[in-house]
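Undergrad: Below, each chain spelled out in residue letters.
2 protein chains.
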Amino acid sequence: MSTPIEELAAALPEGTVVTDPATSDAYRRDSASFCAAGTPLAVVRPTTTEQVQAVMRWATAHRVPVVPQGARTGLSGGANAIDGALLLSMVRMNRIVKIDEVDQIAVVEPGVINADLSRAVADVGLFYPPDPSSWEMSTIGGNLATNAGGLCCVKYGVTADFVRGLEVVLADGEVLRVGRSTAKGVAGLDLTRLLVGSEGTLAVITRATLALRPTPEPALTMAAVFDKTSDAMTAVARIMASGLRPSMMEYLDKPSIRAVQAYRDMGLPTDAEALLITQSDRGPLAAADVAAMGVICEELGAAEVAVAEDAAESAMLTQARRLVNPAVEELGATLVDDVAVPRARLVDLLAGMDRISAETGTLIVCPGHIGDGNMHPTVVFDRGDAAAAERAQTAFDAIMRLALELGGTITGEHGVGLLKRDWLRTELGETSYGLQRQIKSVFDPLGILNPGKVL
Amino acid sequence: MSTPIEELAAALPEGTVVTDPATSDAYRRDSASFCAAGTPLAVVRPTTTEQVQAVMRWATAHRVPVVPQGARTGLSGGANAIDGALLLSMVRMNRIVKIDEVDQIAVVEPGVINADLSRAVADVGLFYPPDPSSWEMSTIGGNLATNAGGLCCVKYGVTADFVRGLEVVLADGEVLRVGRSTAKGVAGLDLTRLLVGSEGTLAVITRATLALRPTPEPALTMAAVFDKTSDAMTAVARIMASGLRPSMMEYLDKPSIRAVQAYRDMGLPTDAEALLITQSDRGPLAAADVAAMGVICEELGAAEVAVAEDAAESAMLTQARRLVNPAVEELGATLVDDVAVPRARLVDLLAGMDRISAETGTLIVCPGHIGDGNMHPTVVFDRGDAAAAERAQTAFDAIMRLALELGGTITGEHGVGLLKRDWLRTELGETSYGLQRQIKSVFDPLGILNPGKVL
Chain A
428 MSTPIEELAA ALPEGTVVTD PATSDAYRRD SASFCAAGTP LAVVRPTTTE
478 QVQAVMRWAT AHRVPVVPQG ARTGLSGGAN AIDGALLLSM VRMNRIVKID
528 EVDQIAVVEP GVINADLSRA VADVGLFYPP DPSSWEMSTI GGNLATNAGG
578 LCCVKYGVTA DFVRGLEVVL ADGEVLRVGR STAKGVAGLD LTRLLVGSEG
628 TLAVITRATL ALRPTPEPAL TMAAVFDKTS DAMTAVARIM ASGLRPSMME
678 YLDKPSIRAV QAYRDMGLPT DAEALLITQS DRGPLAAADV AAMGVICEEL
728 GAAEVAVAED AAESAMLTQA RRLVNPAVEE LGATLVDDVA VPRARLVDLL
778 AGMDRISAET GTLIVCPGHI GDGNMHPTVV FDRGDAAAAE RAQTAFDAIM
828 RLALELGGTI TGEHGVGLLK RDWLRTELGE TSYGLQRQIK SVFDPLGILN
878 PGKVL
Chain B
428 MSTPIEELAA ALPEGTVVTD PATSDAYRRD SASFCAAGTP LAVVRPTTTE
478 QVQAVMRWAT AHRVPVVPQG ARTGLSGGAN AIDGALLLSM VRMNRIVKID
528 EVDQIAVVEP GVINADLSRA VADVGLFYPP DPSSWEMSTI GGNLATNAGG
578 LCCVKYGVTA DFVRGLEVVL ADGEVLRVGR STAKGVAGLD LTRLLVGSEG
628 TLAVITRATL ALRPTPEPAL TMAAVFDKTS DAMTAVARIM ASGLRPSMME
678 YLDKPSIRAV QAYRDMGLPT DAEALLITQS DRGPLAAADV AAMGVICEEL
728 GAAEVAVAED AAESAMLTQA RRLVNPAVEE LGATLVDDVA VPRARLVDLL
778 AGMDRISAET GTLIVCPGHI GDGNMHPTVV FDRGDAAAAE RAQTAFDAIM
828 RLALELGGTI TGEHGVGLLK RDWLRTELGE TSYGLQRQIK SVFDPLGILN
878 PGKVL
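Residue numbers (the working numbering), protein chains in the order written: chain A, 428 to 882; chain B, 428 to 882.
These aren't lab readings, by the way, just hints derived from the structure by calculation.
Given the structure is predicted, the values throughout are model-derived calculations rather than measurements.
Careful: at least some of the hints might be erroneous.
All copies of an identical chain are treated as equivalent in the list; a pair is satisfied when it fits inside any one copy or across any two copies.
What the hints assert, rightly or not - Below, a list of computed lysine to aspartate or glutamate pairs in the EDC-like style, where the Cα atoms sit at most 20 Å apart:
#, residue 1, residue 2
1, 525, 740
2, 681, 871
3, 525, 725
4, 582, 527
5, 655, 731
6, 525, 700
7, 681, 447
8, 681, 644
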């Protein structure tokens with residue numbers, strides 16, 4: 428007699444269900460630090476919606492938890508294995524079904540890599556803005572599940588802003604289609620936005636209709652170096668209040684600048700407190716835009732301002748930002764935070780971070796999407812040193828507490844997953860948390876969809 | 428001994444609760460045709476969140492239905508009275524609490540008139556884009572409840588796209604705060620978007636944090652007259668696929684053109700089949716943008732193309748669109764529809780409308796936000812003629828059926844209310860409808876919030 432998992436394997440095409448631990452071990456974790464990962468029952472890699480339905484019917488029948496996964500580039504443990512769970516890897520459902528230039532939409536399966544979609548739509552003069560740092564690896568399904576952000580959000584918005592409709596498979600295996608393919612629509616409650624960002628706790632996304640825009644015009648870049656963090660923050664506020672609409676507005680603090688310069692000699696001023704990098708992508712108007720941003724920085728005492736005159740100079744100026752992640756990883760193990768505060772409170776957030784760094788004796792490197800008030804304070808520690816890891820956790824918690832005190836959020840774009848589950852309840856308060864738990868139960872009455880994550 | 432409603436009246440400031448039928452009668456209906464309106468128990472006009480809480484606690488205790496109302500400019504009966512209900516008019520909660528230029532947000536009470544907010548933020552160089560036709564009268568709370576659209580949606584999006592956070596009062600009187608004041612945030616399920624567009628069926632909105640943008644640059648307008656509707660539709664598709672980003676793209680069909688010309692002699696060509704009016708608001712680039720749109724229209728055989736060279740000419744060209752509503756109201760009673768279809772299916776929608784008009788023997792006037800595929804086919808009839816009213820209803824239903832067949836929606840921006848309640852179930856399908864009903868029950872277990880509307 429065969430076991431239930433053997434029955435599922437037999438009902439799906441050869442190779443869809445993998446129980447070999449050598450393979451399934453590779454799927455146990457996403458890219459988060461400090462998050463537990465259990466031992467899964469199996470990895471399932473479906474290629475069709477019907478197969479996902481079969482998996483969920485089986486999971487419901489056998490009360491087996493299911494953890495939907497994309498490319499596992501997430502930073503909050505949302506895709507980590509749970510003991511005895513199916514890891515439902517969606518990476519093989521990776522077709523771009525349709526790109527429609529008149530309605531400016533794309534219909535895609537969840538396993539499509541963000542960069543593949545971005546390039547495919549660019550080929551026909553269109554633009555899919557959401558650009559998380561992981562865009563060369565992460566899947567659209569993962570981006571949808573976490574409502575991923577990125578560098579261009581300051582002008583264009585986050586993943587949710589580009590979702591028109593979804594096809595999902597519910598916990599019991601039924602297919603649900605929500606949203607629309609039209610530009611506007613207000614028929615009933617917005618279940619699409621409820622599903623986006625729900626981190627696999629409500630349903631399994633099997634197809635998405637995404638909104639596209641025309642290709643933006645060429646961008647130019649400005650970089651400004653400040654000796655005082657507070658001056659840089661004033662520049663951010665002044666630029667955002669000026670009516671200029673930067674298509675990128677990134678920030679490196681002193682430890683970030685030093686990490687990048689140590690990683691690659693770019694001639695960065697390692698004594699500077701802050702580096703601000705902004706862009707305008709308004710084509711013929713971009714030069715005037717970045718010049719105006721530069722003037723604001725100069726008026727606020729920037730030590731140095733560089734305004735690119737062409738694409739090559741722009742690429743050089745933005746390279747420092749792109750190198751932060753690999754540069755910081757060279758320093759040690761990292762615990763990457765993702766808080767967001769109102770722009771007006773950024774100066775308090777950064778001052779508080781210095782205090783937390785001193786009090787906990789930790790190195791905190793703080794790059795961020797400063798135009799959105801969304802910072803990535805990253806605690807660097809030695810993974811082999813238990814005391815250091817504990818200090819890192821203390822600093823990490825203190826940063827979230829500070830963000831909430833400043834009217835902000837514990838997660839701007841990375842999601843809750845396992846990493847911030849306790850903090851979510853603090854941020855939401857009991858009334859909102861209770862409603863969210865009840866909505867979870869409406870979608871997943873047996874609690875088999877990514878249990879123990881988020882809520 | 429006092430009655431329950433007398434107790435409520437006594438617990439609230441003088442004049443808050445009005446039971447005099449002469450007054451409450453004036454609150455019984457919104458602006459929809461063909462929608463029943465019951466006899467309310469009272470009108471309640473609170474001025475604070477605490478008063479709304481007191482009302483909802485009382486309503487829960489006495490199982491009395493509550494119908495939240497704004498300015499009652501809605502077109503689907505969503506604010507119509509229910510027998511024995513409290514009409515909870517939010518128009519006295521009309522303070523603009525805060526406008527923040529650095530974070531580009533406004534915090535407002537729900538009774539603020541859209542135009543008042545738009546003007547207040549314009550005074551400090553900011554822009555609140557959502558611009559329903561009712562903007563001079565309708566409230567932000569009503570706009571939020573229906574997720575209102577408008578003319579500028581084609582470039583800027585709908586009301587929901589500008590909502591960061593809400594304070595609402597739940598059915599049991601508890602206050603719930605959802606969303607955030609930061610630009611980004613992904614902490615838990617998106618209850619904000621669930622509440623926006625829920626037409627008073629989930630909670631009572633008492634405060635909103637709205638996102639603003641910098642003031643757009645000056646706009647210029649193009650108008651093109653077509654002898655063939657299909658050529659105009661091809662022009663719409665071509666302009667939208669060209670990479671141009673019109674800030675307005677409106678359409679008048681032949682009956683609309685004739686109605687406007689009859690209402691005011693603007694020299695409109697009454698034999699033309701279609702009038703397309705587009706704008707670009709890219710300041711120094713607007714002239715080139717509208718010229719390019721004009722070239723596309725000419726290439727597609729437009730009989731006449733006018734491109735404005737300044738604001739005065741632009742205003743003249745857009746006036747025809749602004750006069751459609753009063754002009755059509757001169758023709759008779761109207762049943763205003765609000766379907767949306769993918770842009771590629773507009774030509775089929777308009778052809779189908781001609782067929783429906785002929786088959787039902789009704790006059791259908793069809794202006795619309797054509798750039799969004801969101802049309803307002805308006806059936807004109809004689810209210811005193813029962814047979815004519817029945818034909819109007821038949822035509823109205825046929826238009827919604829057609830929109831669904833074309834992959835569209837029964838409501839692009841007006842909402843479901845009473846008018847389209849049966850059709851909502853058809854559009855959603857049983858699975859989605861069932862989930863929405865369950866979510867309604869999570870928020871409103873006693874079913875006292877706007878019962879019989881939407882779901």
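Undergrad: Does each hint hold? Answer for all of them.
TA: Status of each hint after checking the structure:
1. 525 / 740: Answer is neither; intra-copy 36 Å and inter-copy 41 Å both fail.
2. 681 / 871: Neither way: residue 681 and residue 871 sit 46 Å apart in one copy and 51 Å across, limit 20 Å.
3. 525 / 725: For residue 525 and residue 725, neither the intra-copy (47 Å) nor the inter-copy (30 Å) Cα distance is at most 20 Å.
4. 582 / 527: between (23 Å within a copy, 18 Å between copies)
5. 655 / 731: within (12 Å within a copy, 60 Å between copies)
6. 525 / 700: neither (47 Å within a copy, 33 Å between copies)
7. 681 / 447: This pair counts as neither: shortest intra-copy Cα distance 47 Å, inter-copy 68 Å.
8. 681 / 644: neither (32 Å within a copy, 37 Å between copies)
This entry does not satisfy hints 1, 2, 3, 6, 7, 8, going by the numbered hints stated previously.
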